[in-house]
Amino acid sequence: MRGLKKYLSGLFQGVRSLLQGMSVTGYHFFHPREIVTQQYPENRATLEIFERSKGELTMPHNELNEHKCTACGICQMVCPNGTITVLSKTEQNEDGKSKKVLDRYIYRLDQCTFCALCVKNCPSDAITFAPTFENAVYTRALLTKQLNKEGSKLQKKS
Amino acid sequence: MTDQALLDKVLAFAPGKVAVEEYVNTYPALRVEADALHDLARFLKENEETDFDYLMCLSGVDWGANLGVVYHLRSTRHGHVLVLKTQTPERITPTIDTISDLWVGAEFHEREVYDMFGIRFTNHPDMRRIFMSDKWMGFPLRKDYQASNPLHLETEGAYEDEGIRKLASGKGKDETFIINFGPQHPSTHGVLRLVITLEGENVDQVQPHCGYIHRGIEKMCEHLTYQQIVHLTDRMDYLSAHINNEAVCLCVEKALQVEVPLRAQYIRTIMDELTRVASHLLFWTSFGMDLGATTCFFYSMRERDHILDIFEETCGARLVLSYVCPGGVMYDLHPNFQRRVKDFIREMRRRLPEYHRLLSGNVIFQGRSRNIGVLSHENAVSFGVTGPSGRASGWHCDVRKQDPYHVYSQVDFQEAIRTEGDVFARYMLRMDELETSLNIIEQLIDQIPSGDYAAKMKPVIRVPEGEYYQRVETARGDLGVWLVSQGDKFPYRLKFRSPGFSTLAALPHLCHGFKIADLIAISGSLDFVIPDIDR
Amino acid sequence: MIYDFSKLTSSLDQLLLSVLPPFWVLLVEALLVLIAGLAAFAVLGMILVYMERKVCAFFQVRLGPNRVGKWGTLQLIADMLKLLTKELVTPRGVDVLLYNVAPFIIIMAAFLSFGALPFARGLHAIDFNIGVFYLMAVSSLAVLGILLGGWASNNKYTVIGAMRSGAQVVSYELSVGLTYITMVAFAGTMQLSGIVEAQADGWFLFKGHLPALIAFVVFLIASTAEANRGPFDLAEAESELIAGYHTEYSGLRFAFFYLAEYLNMFIGAAIAATLFLGGWMPLHIGSWEAFNAVMDFIPPIVWFFGKTFLLVWVTMWFKWTFPRLRIDQLLTLEWKYLMPVSFFNLLLMTVIILLGWHF
Numbered sequence: 001m002r003g004l005k006k007y008l009s010g011l012f013q014g015v016r017s018l019l020q021g022m023s024v025t026g027y028h029f030f031h032p033r034e035i036v037t038q039q040y041p042e043n044r045a046t047l048e049i050f051e052r053s054k055g056e057l058t059m060p061h062n063e064l065n066e067h068k069c070t071a072c073g074i075c076q077m078v079c080p081n082g083t084i085t086v087l088s089k090t091e092q093n094e095d096g097k098s099k100k101v102l103d104r105y106i107y108r109l110d111q112c113t114f115c116a117l118c119v120k121n122c123p124s125d126a127i128t129f130a131p132t133f134e135n136a137v138y139t140r141a142l143l144t145k146q147l148n149k150e151g152s153k154l155q156k157k158s
Numbered sequence: 001m002t003d004q005a006l007l008d009k010v011l012a013f014a015p016g017k018v019a020v021e022e023y024v025n026t027y028p029a030l031r032v033e034a035d036a037l038h039d040l041a042r043f044l045k046e047n048e049e050t051d052f053d054y055l056m057c058l059s060g061v062d063w064g065a066n067l068g069v070v071y072h073l074r075s076t077r078h079g080h081v082l083v084l085k086t087q088t089p090e091r092i093t094p095t096i097d098t099i100s101d102l103w104v105g106a107e108f109h110e111r112e113v114y115d116m117f118g119i120r121f122t123n124h125p126d127m128r129r130i131f132m133s134d135k136w137m138g139f140p141l142r143k144d145y146q147a148s149n150p151l152h153l154e155t156e157g158a159y160e161d162e163g164i165r166k167l168a169s170g171k172g173k174d175e176t177f178i179i180n181f182g183p184q185h186p187s188t189h190g191v192l193r194l195v196i197t198l199e200g201e202n203v204d205q206v207q208p209h210c211g212y213i214h215r216g217i218e219k220m221c222e223h224l225t226y227q228q229i230v231h232l233t234d235r236m237d238y239l240s241a242h243i244n245n246e247a248v249c250l251c252v253e254k255a256l257q258v259e260v261p262l263r264a265q266y267i268r269t270i271m272d273e274l275t276r277v278a279s280h281l282l283f284w285t286s287f288g289m290d291l292g293a294t295t296c297f298f299y300s301m302r303e304r305d306h307i308l309d310i311f312e313e314t315c316g317a318r319l320v321l322s323y324v325c326p327g328g329v330m331y332d333l334h335p336n337f338q339r340r341v342k343d344f345i346r347e348m349r350r351r352l353p354e355y356h357r358l359l360s361g362n363v364i365f366q367g368r369s370r371n372i373g374v375l376s377h378e379n380a381v382s383f384g385v386t387g388p389s390g391r392a393s394g395w396h397c398d399v400r401k402q403d404p405y406h407v408y409s410q411v412d413f414q415e416a417i418r419t420e421g422d423v424f425a426r427y428m429l430r431m432d433e434l435e436t437s438l439n440i441i442e443q444l445i446d447q448i449p450s451g452d453y454a455a456k457m458k459p460v461i462r463v464p465e466g467e468y469y470q471r472v473e474t475a476r477g478d479l480g481v482w483l484v485s486q487g488d489k490f491p492y493r494l495k496f497r498s499p500g501f502s503t504l505a506a507l508p509h510l511c512h513g514f515k516i517a518d519l520i521a522i523s524g525s526l527d528f529v530i531p532d533i534d535r
Numbered sequence: 001m002i003y004d005f006s007k008l009t010s011s012l013d014q015l016l017l018s019v020l021p022p023f024w025v026l027l028v029e030a031l032l033v034l035i036a037g038l039a040a041f042a043v044l045g046m047i048l049v050y051m052e053r054k055v056c057a058f059f060q061v062r063l064g065p066n067r068v069g070k071w072g073t074l075q076l077i078a079d080m081l082k083l084l085t086k087e088l089v090t091p092r093g094v095d096v097l098l099y100n101v102a103p104f105i106i107i108m109a110a111f112l113s114f115g116a117l118p119f120a121r122g123l124h125a126i127d128f129n130i131g132v133f134y135l136m137a138v139s140s141l142a143v144l145g146i147l148l149g150g151w152a153s154n155n156k157y158t159v160i161g162a163m164r165s166g167a168q169v170v171s172y173e174l175s176v177g178l179t180y181i182t183m184v185a186f187a188g189t190m191q192l193s194g195i196v197e198a199q200a201d202g203w204f205l206f207k208g209h210l211p212a213l214i215a216f217v218v219f220l221i222a223s224t225a226e227a228n229r230g231p232f233d234l235a236e237a238e239s240e241l242i243a244g245y246h247t248e249y250s251g252l253r254f255a256f257f258y259l260a261e262y263l264n265m266f267i268g269a270a271i272a273a274t275l276f277l278g279g280w281m282p283l284h285i286g287s288w289e290a291f292n293a294v295m296d297f298i299p300p301i302v303w304f305f306g307k308t309f310l311l312v313w314v315t316m317w318f319k320w321t322f323p324r325l326r327i328d329q330l331l332t333l334e335w336k337y338l339m340p341v342s343f344f345n346l347l348l349m350t351v352i353i354l355l356g357w358h359f
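Chain order of the listed sequences is A, B and C.
Each step along the first sequence adds one to the number in the working numbering, with nothing skipped, and position 79 is 79.
Each step along the second sequence adds one to the number in the working numbering, with nothing skipped, and position 429 is 429.
Each step along the third sequence adds one to the number in the working numbering, with nothing skipped, and position 332 is 332.
It is possible that some hints are incorrect.
Said to hold, decoys possible - So the derived list for chain A, only partly shown, Cβ under 7 Å to chain B, looks like this:
| id | residue |
| --- | --- |
| 1 | Gly14 |
| 2 | Ser17 |
| 3 | Gln20 |
| 4 | Val24 |
| 5 | Thr25 |
| 6 | Gly26 |
| 7 | His31 |
| 8 | Arg33 |
| 9 | Val36 |
| 10 | Ser53 |
| 11 | Pro80 |
| 12 | Cys115 |
| 13 | Leu117 |
| 14 | Cys122 |
| 15 | Lys156 |
Said to hold, decoys possible - Lysine to any residue pairs mimicking SDA-like chemistry, simulated, CA-CA at most 20 Å apart:
| id | chain 1 | residue 1 | chain 2 | residue 2 |
| --- | --- | --- | --- | --- |
| 16 | B | Lys458 | A | Pro80 |
| 17 | C | Lys70 | A | Lys6 |
| 18 | A | Lys5 | C | Met339 |
| 19 | B | Lys254 | B | Tyr27 |
| 20 | C | Lys70 | A | Pro41 |
| 21 | A | Lys149 | A | Ala130 |
| 22 | C | Lys156 | C | Asp95 |
| 23 | C | Lys54 | A | Pro80 |
| 24 | C | Lys70 | A | Ile35 |
| 25 | B | Lys45 | B | His78 |
| 26 | C | Lys54 | A | Asn93 |
| 27 | A | Lys5 | B | Lys219 |
| 28 | C | Lys54 | A | Glu34 |
| 29 | A | Lys6 | C | Thr332 |
| 30 | C | Lys156 | B | Glu199 |
| 31 | A | Lys68 | A | Phe29 |
| 32 | C | Lys336 | A | Tyr40 |
| 33 | B | Lys219 | B | Phe177 |
What the hints contain is simulated information worked out from the structure, not anything from laboratory work.
If you're wondering where the values come from, they're calculated on a predicted model, not measured in any experiment.
Glycine included, each C-beta is placed from N, C-alpha and C at the ideal position.
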């Protein structure tokens, strides 16, 4: 008799637990407002992207096409993956002194692990991470980028 | 027993064969002659006063002239730690006695040492390479490793493998039903390969084959500065990326004796617990999937996304955070941080009962998880199964309680413990920990002091000569970092004692005699992260 | 009054007879039925797959397919084109004949049961006087295809999947059969159209009260298991056996397995609707003449599909809520719970019929 009682109570409790589970999924079925799917390309305008997001490395230029990079090469040194190559050249300034200036700042997005050591160690705050994330391209070569713009100069310290 | 008393006792046991190590070290250390090692290890394990039942870490190291093995032993009863260091006489045919008869978990660790350093352990039951294939040339972690191993595209016949030959030789070769789970299998959560012999639906033997995503992080670390190492640790147990980062940073800070600002400690602790919540949520997700309840996946992913948003807002990344740096954290908290965390806690508290109603109470789920894959307390310690899986067997192994770091000593929380040791206990323990973590965050979130978020560090960190060991509690258990420095800007040797690797060693033991479906449930409940195993 | 499709079919028959000799008439009619059946089959399959995706998405706080066409309605066309253009891979070492035959056996079994379903009055391919018996016979053919497919694929996963499925279907057939017998005993006929007509004044679920209710629940569970649907999808169990018995199938052959699974689900629900919820019969309540008349305005075909899809939705609800059973739990459920309950229920039903305690 006790066996039968156990059998029946097991049966009913089992059914109850199943119904409880179904109530959870059932609730969500009938509350489509709680759907969390984001329809990505359509919601570009309203998409919330955090300003600190590490999408890709950029070198901000001001309106005079000037950047802050002094070509010191610290970022290249601290980078664990050889993502950054700083190519410098010597230039003579007005006083006739020769000075090392940035020629090309090469950034390989395909090698970057976004550890942000370059940005953190940059003594002149010349580089920063931008929250862009649509970085897909068709060939890998396009992921090698030159960060300083053509004809840009070093920003004078104010 | 004090450290000195312990050392005296050991010195008296084997006079002439043991010497106290004079290196700067975290724990008391002894140098042992290779031939006296096994006897001493047995003494240390079986003696009532020493009672070293937990082998925390077993690491190989290349000292140049000879090869060494270092054992970090811990007593779960007395809480003391002892380091044994031994060396092989030469490096051509180095051999050392195995200790896998004393600590079962040592079997896997010794195979790893063999694989990486070529030290053969005599009397080892299964002395094969563990990560690399049988045909691999050379031993990668030796300092003079130069071998090139070109990739061959011809397929290696499955039966060529020494391990599988061994499995097949058990019975008549044609009668053994050997089946490969993985390396590409939906339930191994990554590229783990389990070779299984079946008897009908019942699992007879399980043989893990790992190394499919071994990246040699330990080798890479030997050529990176300490700041650079941090971002590599993200890639081990990527679900507790933040806690891994911390392990290295804490180790370096301990060596340099840097005082981390209180604000940074608070931030790190909160981030720790958020990581743990995110990881346990992912466990719930994948465990439900493993058992066929696909809907779990979306419900907890929904909550986990809130945490990832919090991470992204402050750290700029969602998974591999790289937020910690030696001395503190990389940047200050985002102004929205506290509000978002509080919102999340409220949301999570609302959702947790839903999880229990959907899965925990379900009669099918209970039937599939209760009394399945029972891991006894004794075996958990011997295998070194730490973290939630170890605590589900009744082992108080929470590093946050044992060796508190950051502000854990000031937080009021209970270490979640269950004693059944089955799949259900492991599952429920993680659910308990979710609540514990929420409580910890709640206690800290309003208390974050103002001040610096990082201590001033030199741009090039040189860790003073010595050996350092640091443990942290990741979402998967006891992560140990053993750092050997020779005063350089690169570490001489950096060993990660990953929780997943020890846990994997227990899987064959747990699965024997259960069904295929149980194998999935057991491996799911141990919550592996494969990069953590392979490193 | 409810429209009788047999008027349409017999007038068509008369028309054909007036222009063709009887043998040709038979041939043409057979062809017409075949085309209609196949078309219904394909359309239903597509609707069901789309429904499954959307329903499962809504259970899981997602939107489901929403890229191809409005609300993803054309997704199925795209999928079908994809499956049709995929290469038919025949792995090395398979038993070519059995490997190729297996998908056809499965789809054939589904099609055979499909033919006997009464969609509306007079609208069925064939109306046996032993319809229920026939359904039982043909629905057990599907397991043959699963076993053959799994075995012939020369893959260890498929063999395990096939063996599981064999054990499962054979066991659950018992419960399905017992619930059939219970309802046949209640209806007093094995003819499906007769069973539906018998429910004109009230569905069996209500008329037979307790035993009918028990039989309904048992049938729902057992037919879900027989169709290898979650939580009884052990034969496929993607987290254990990759895709179970159809791991090695691709392209159109896979599509056959896929289609058959959904149609078996539909057939299970349709039989449940016929046996318990009155099939195409509108909801009639005793002497509420006005209410009954209003209900009669809704065409019977709508009633039939409405009831069937409601039950299909319920089985989807099961699938997307519960974890999968283990093989021994599955067999325990059948042999320790469902079968004893069914036997007891049959007895109860007999007693109730004898004592006339039903409505």
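Evaluation of the provided hints:
1. Hint on A/Gly14 holds. Least Cβ distance to chain B is approximately 4 Å, under the 7 Å limit.
2. The closest approach between the C-beta of A/Ser17 and any C-beta of chain B is roughly 5 Å, which is under the 7 Å cut-off, so the hint is satisfied.
3. Evaluation of the A/Gln20 hint against chain B yields a held restraint, the C-beta minimum of about 5 Å falling below 7 Å.
4. Interface hint at A/Val24: satisfied, since its Cβ lies 4 Å from the closest Cβ of chain B, which is below the 7 Å cut-off.
5. The interface hint given for A/Thr25 is met, as the beta carbon of that residue sits about 6 Å from the closest beta carbon of chain B, less than 7 Å.
6. A cut of 7 Å between beta carbons decides the hint on A/Gly26: the least distance to chain B is about 11 Å, and the hint is violated.
7. The closest approach between the C-beta of A/His31 and any C-beta of chain B is roughly 12 Å, which is over the 7 Å cut-off, so the hint fails.
8. The restraint placing A/Arg33 at the interface with chain B is violated, with a minimum CB-CB distance near 14 Å, outside the 7 Å limit.
9. Hint status for A/Val36: holds, given a least beta-carbon distance of 5 Å to chain B, under 7 Å.
10. At a threshold of 7 Å, the smallest CB-CB gap from A/Ser53 to chain B is about 5 Å, leaving the interface hint in force.
11. Because the beta carbon of A/Pro80 sits about 4 Å from the nearest beta carbon in chain B, less than 7 Å, this interface hint is met.
12. Interface restraint check: A/Cys115 against chain B, minimum CB-CB distance 4 Å, threshold 7 Å, status holds.
13. Restraint check, A/Leu117 versus chain B: the minimum CB separation of about 6 Å is within 7 Å; hint holds.
14. For A/Cys122, the shortest C-beta to C-beta distance to chain B is roughly 12 Å, which exceeds 7 Å, and the interface hint is violated.
15. Against a cut-off of 7 Å between C-beta atoms, the interface hint on A/Lys156 is violated, since the closest Cβ of chain B lies about 26 Å away.
16. Restraint check for B/Lys458 and A/Pro80: satisfied, since their Cα atoms lie roughly 18 Å apart, inside the 20 Å limit.
17. Taking the CA atoms of C/Lys70 and A/Lys6, the gap is near 53 Å; set against the 20 Å cutoff, the hint is violated.
18. At most 20 Å may separate the alpha-carbon atoms for a hinted pair to count; A/Lys5 and C/Met339 meet this at roughly 18 Å.
19. This hinted pair checks out: B/Lys254 and B/Tyr27 have alpha carbons roughly 13 Å apart, not beyond 20 Å.
20. Taking the CA atoms of C/Lys70 and A/Pro41, the gap is about 16 Å. The hint holds against a cut of 20 Å.
21. For a cut-off of 20 Å, the pair hint linking A/Lys149 to A/Ala130 stands: about 16 Å separates their Cα positions.
22. Note on C/Lys156 and C/Asp95: the hinted pairing holds, with a Cα-Cα distance of about 14 Å set against a maximum of 20 Å.
23. Restraint check: the Cα-Cα separation between C/Lys54 and A/Pro80 comes to about 46 Å, which exceeds 20 Å; the hinted pair is violated.
24. Taking the CA atoms of C/Lys70 and A/Ile35, the gap is about 18 Å. The hint holds against a cut of 20 Å.
25. Proximity of B/Lys45 to B/His78 is assessed by CA-CA distance (about 12 Å); at most 20 Å being required, the pair is judged to hold.
26. At roughly 68 Å between alpha-carbon atoms, C/Lys54 and A/Asn93 are farther apart than 20 Å, so this suggested pair is violated.
27. In summary, the hint linking A/Lys5 to B/Lys219 is not supported, as the alpha carbons are separated by about 63 Å, beyond the 20 Å threshold.
28. Only pairs whose Cα atoms come within 20 Å are accepted, and C/Lys54 paired with A/Glu34 is accepted, the gap being roughly 15 Å.
29. Using a Cα cut-off of 20 Å, the hinted pair A/Lys6 and C/Thr332 holds, with the two alpha carbons roughly 16 Å apart.
30. As the CA atoms of C/Lys156 and B/Glu199 are separated by approximately 13 Å, the hinted pair is consistent with the 20 Å bound.
31. Proposed proximity of A/Lys68 and A/Phe29 is contradicted: the alpha carbons are some 55 Å apart, above 20 Å.
32. Between C/Lys336 and A/Tyr40 the CA atoms are separated by roughly 50 Å; this puts the pair beyond 20 Å, and the hint is violated.
33. Distance hint between B/Lys219 and B/Phe177 is unfulfilled; the C-alpha atoms sit about 38 Å from each other, more than 20 Å.
Comparing the model with each numbered hint stated earlier shows that hints 6, 7, 8, 14, 15, 17, 23, 26, 27, 31, 32, 33 do not hold.
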